[in-house]
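Residues per chain, in single letters:
There are 2 protein chains.
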Amino acid sequence: MRLPKPLEHLIEQLQKLPGIGPKNAQRLGLFLLRLPQGEAEAIAEAILEAKKRIFPCPQCGNLTDTSPCSICTDETRRQDLLCVTEDASDVLAMERAGYRGQYVVLEKALNLMDIQDWANMDLSRLKSRLKSGKVQEVILALNPDIDGEVISRMIAAQAMQFGVRVTRLAHGLPVGGDIQFADEITLRQALEGRKEILT
Amino acid sequence: MRLPKPLEHLIEQLQKLPGIGPKNAQRLGLFLLRLPQGEAEAIAEAILEAKKRIFPCPQCGNLTDTSPCSICTDETRRQDLLCVTEDASDVLAMERAGYRGQYVVLEKALNLMDIQDWANMDLSRLKSRLKSGKVQEVILALNPDIDGEVISRMIAAQAMQFGVRVTRLAHGLPVGGDIQFADEITLRQALEGRKEILT
Numbered sequence: 001m002r003l004p005k006p007l008e009h010l011i012e013q014l015q016k017l018p019g020i021g022p023k024n025a026q027r028l029g030l031f032l033l034r035l036p037q038g039e040a041e042a043i044a045e046a047i048l049e050a051k052k053r054i055f056p057c058p059q060c061g062n063l064t065d066t067s068p069c070s071i072c073t074d075e076t077r078r079q080d081l082l083c084v085t086e087d088a089s090d091v092l093a094m095e096r097a098g099y100r101g102q103y104v105v106l107e108k109a110l111n112l113m114d115i116q117d118w119a120n121m122d123l124s125r126l127k128s129r130l131k132s133g134k135v136q137e138v139i140l141a142l143n144p145d146i147d148g149e150v151i152s153r154m155i156a157a158q159a160m161q162f163g164v165r166v167t168r169l170a171h172g173l174p175v176g177g178d179i180q181f182a183d184e185i186t187l188r189q190a191l192e193g194r195k196e197i198l199t
Numbered sequence: 200m201r202l203p204k205p206l207e208h209l210i211e212q213l214q215k216l217p218g219i220g221p222k223n224a225q226r227l228g229l230f231l232l233r234l235p236q237g238e239a240e241a242i243a244e245a246i247l248e249a250k251k252r253i254f255p256c257p258q259c260g261n262l263t264d265t266s267p268c269s270i271c272t273d274e275t276r277r278q279d280l281l282c283v284t285e286d287a288s289d290v291l292a293m294e295r296a297g298y299r300g301q302y303v304v305l306e307k308a309l310n311l312m313d314i315q316d317w318a319n320m321d322l323s324r325l326k327s328r329l330k331s332g333k334v335q336e337v338i339l340a341l342n343p344d345i346d347g348e349v350i351s352r353m354i355a356a357q358a359m360q361f362g363v364r365v366t367r368l369a370h371g372l373p374v375g376g377d378i379q380f381a382d383e384i385t386l387r388q389a390l391e392g393r394k395e396i397l398t
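So the protein lines, in turn, are chains A and B.
FYI, the numbering for the first sequence is 1 to 199, going by my numbering.
FYI, the numbering for the second sequence is 200 to 398, going by my numbering.
Simulated from the structure, these hints should not be mistaken for lab results.
These numbers come from a predicted model, not from an experiment.
Glycine included, every Cβ here is placed at the ideal spot set by N, Cα and C.
Some clues are possibly wrong.
[Stated by the list, open to error] Label pairs and their computed distance ranges (CB to CB):
id, chain 1, residue 1, chain 2, residue 2, range
1, A, Glu41, B, Ile378, 42 to 50 Å
2, A, Thr167, B, Ile378, 56 to 64 Å
3, A, Arg53, B, Ser323, 42 to 50 Å
4, A, Glu41, B, Glu395, 24 to 32 Å
5, A, Glu95, B, Thr275, 57 to 65 Å
6, B, Pro343, A, Leu187, 44 to 52 Å
7, A, Ala97, B, Phe230, 18 to 26 Å
8, A, Lys23, B, Leu322, 15 to 23 Å
9, B, Ile378, A, Phe31, 55 to 63 Å
10, A, Gln37, B, Lys394, 44 to 52 Å
11, A, Glu149, B, Pro343, 47 to 55 Å
[As the list claims (entries may be wrong)] Taking lysine-lysine and the BS3-like style, the derived pairs with C-alpha atoms no more than 27 Å apart in a straight line are:
id, chain 1, residue 1, chain 2, residue 2
12, A, Lys52, B, Lys326
13, B, Lys215, A, Lys5
14, B, Lys251, A, Lys5
Model the full structure from these sequences, guided by the hints.
Below is the structure:
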């Protein structure tokens with residue numbers, strides 16, 4: 001049996017989404033076909049609309065539909081803290097964690113093996129923030145992998161030229177995590193970063 | 200921080216999909232925004248296109264873009280076997296399992312508690328197939344739950360009026376399944392349906 005062409009095409013397209021394999025794409029495709037006409041259209045149009053209206057903020061690189069974005073224009077946020085993240089979803093995570101300073105979003109998944117990526121890495125937003133003279137501390141919120149480590153050092157070198165303090169998120173045990181299941185590097189870093197309990 | 204409106208709307212829309220929760224919807228939304236313009240549009244258009252061009256086959260109820268569908272018009276398939284399924288994804292599963300007869304797709308998730316569902320259940324496709332006189336055997340491929348059980352009996356009563364043999368898929372241990380993890384009803388049915396090993 002061959003599937004109807006438009007359904008086959010839909011399933012192919014849905015497989016482009018992250019974490020959606022062939023079986024799941026088929027399930028989603030059949031689900032979309034069962035939806036009332038208007039509702040399926042609303043999903044398709046939300047994709048088109050978001051693609052049309054959302055762009056990276058020229059100041060910080062975070063996703064926005066206004067220029068500059070709502071974070072850059074928020075006067076109540078601290079102007080002396082600058083958090084560097086790899087992409088927009090990390091910004092959402094930092095916001096949920098209660099951070100209320102400025103951001104620079106690199107929005108570039110770097111591949112250490114690809115020298116082109118390095119040459120093209122755009123640090124202009126970071127530099128112009130540092131030049132503004134308002135920033136007192138750069139907080140590196142890059143993923144704790146080798147790429148993140150290397151980018152962190154590059155950025156730290158830049159920031160130090162401006163006499164700015166550079167920090168990074170602490171490594172350690174995740175809250176609720178079990179010590180017996182922690183990998184040894186995490187545990188070693190949790191030990192090195194141990195804190196005194198103040199009574 | 201508020202998300203840009205079009206992104207918020209996209210995430211809301213994506214949450215309508217089955218198995219996509221808020222976190223996953225956010226991840227998919229951000230992924231779609233990072234895709235090149237053309238690729239995101241291709242996904243949206245595949246949804247619109249499929250909704251426009253695919254409909255239930257008037258003869259069997261399976262999803263199709265031709266009328267009647269490619270299964271109903273395939274002369275090489277057995278005309279004397281009629282398989283009754285609940286929806287189009289069950290047809291795909293039966294095809295993968297090697298079944299090469301005809302289908303009737305009920306395409307209606309019945310809810311035993313809702314008497315309206317019963318009144319509205321459309322058995323016209325099934326009846327017109329039975330009236331054609333070609334069908335020798337009706338194979339019930341309905342899910343082994345209470346609803347499936349009740350529908351099976353209703354359909355069996357219909358088919359028997361036409362003097363047609365009615366069978367259903369065997370219950371038993373799934374292939375590769377472990378006996379110690381089988382529930383007792385499955386195991387009892389596997390025992391009742393035990394087969395002689397022929398050497």
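Status of the hints after comparison with the structure:
1. Glu41/A to Ile378/B: 42 to 50 Å: Taking Cβ atoms as reference, Glu41/A and Ile378/B lie about 49 Å apart, which means the hint holds.
2. Thr167/A to Ile378/B: 56 to 64 Å: 57 Å, holds
3. Arg53/A to Ser323/B: 42 to 50 Å: 47 Å, holds
4. Glu41/A to Glu395/B: 24 to 32 Å: 56 Å, violated
5. Glu95/A to Thr275/B: 57 to 65 Å: For Thr275/B against Glu95/A, whose Cβ atoms are near 60 Å apart, the range 57 to 65 Å holds.
6. Pro343/B to Leu187/A: 44 to 52 Å: 48 Å, holds
7. Ala97/A to Phe230/B: 18 to 26 Å: 22 Å, holds
8. Lys23/A to Leu322/B: 15 to 23 Å: Violated: the Cβ-Cβ distance is about 30 Å, outside 15 to 23 Å.
9. Ile378/B to Phe31/A: 55 to 63 Å: At 34 Å between Cβs, range violated.
10. Gln37/A to Lys394/B: 44 to 52 Å: The hint (44 to 52 Å, Cβ to Cβ) holds, given that Gln37/A and Lys394/B are roughly 48 Å apart.
11. Glu149/A to Pro343/B: 47 to 55 Å: 53 Å, holds
12. Lys52/A to Lys326/B: 50 Å, violated
13. Lys215/B to Lys5/A: Holds, at about 24 Å.
14. Lys251/B to Lys5/A: It holds: about 12 Å lies between the C-alpha atoms, which stays within 27 Å.
The structure is inconsistent with the numbered hints 4, 8, 9, 12, although it conforms to all the rest.
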